[in-house]
Amino acid sequence: MSEQQHARHQAEEAAVEETETLVTAPQQQDEGFDALLDEIDAVLETNAEEFVRGFVQKGGQ
Numbered sequence: 001m002s003e004q005q006h007a008r009h010q011a012e013e014a015a016v017e018e019t020e021t022l023v024t025a026p027q028q029q030d031e032g033f034d035a036l037l038d039e040i041d042a043v044l045e046t047n048a049e050e051f052v053r054g055f056v057q058k059g060g061q
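So in full-length UniProt numbering, the last one in the sequence shown is 61, and the numbering has no gaps at all.
Hints are computed from structural coordinates only; laboratory data are not their basis.
We put the beta carbon where it would ideally sit given N, CA and C, even for glycine.
Warning: the hint list may mix true and false statements.
[Claimed, not checked] The following label-pair restraints were derived from C-beta to C-beta distances:
#1 V52 to E12: 18 to 26 Å
#2 E12 to K58: 55 to 63 Å
#3 G59 to L37: 28 to 36 Å
#4 F33 to G59: 29 to 37 Å
#5 F55 to E31: 34 to 42 Å
#6 E31 to K58: 31 to 39 Å
#7 E31 to Q57: 29 to 37 Å
#8 G59 to E13: 53 to 61 Å
[Unchecked claim] SDA-like, lysine to any residue: derived pairs with alpha carbons at most 25 Å apart:
#9 K58 to N47
#10 K58 to F33
#11 K58 to L44
#12 K58 to T46
#13 K58 to A48
#14 K58 to V43
Input sequences plus hints: build the corresponding full structure.
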């Protein structure tokens with residue numbers, strides 16, 4: 001019985017550590033997205049027309 005309780009306790013500790021990791025991961029993703037959006041904003045501020053032309057397909061589509 002003691003071994004079962006010990007194994008259960010270890011599993012609970014692992015679940016807590018995993019949850020803590022998952023909580024910090026979205027914050028890191030948000031920082032990455034913010035940096036990407038800032039970079040796009042900077043490009044659009046300097047040459048928006050050229051940026052849009054890069055996405056226009058030949059044939060006018």
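- Message: Which constraints among the numbered hints does this structure fail? Numbers only, ascending.
- Response: 1, 5, 10
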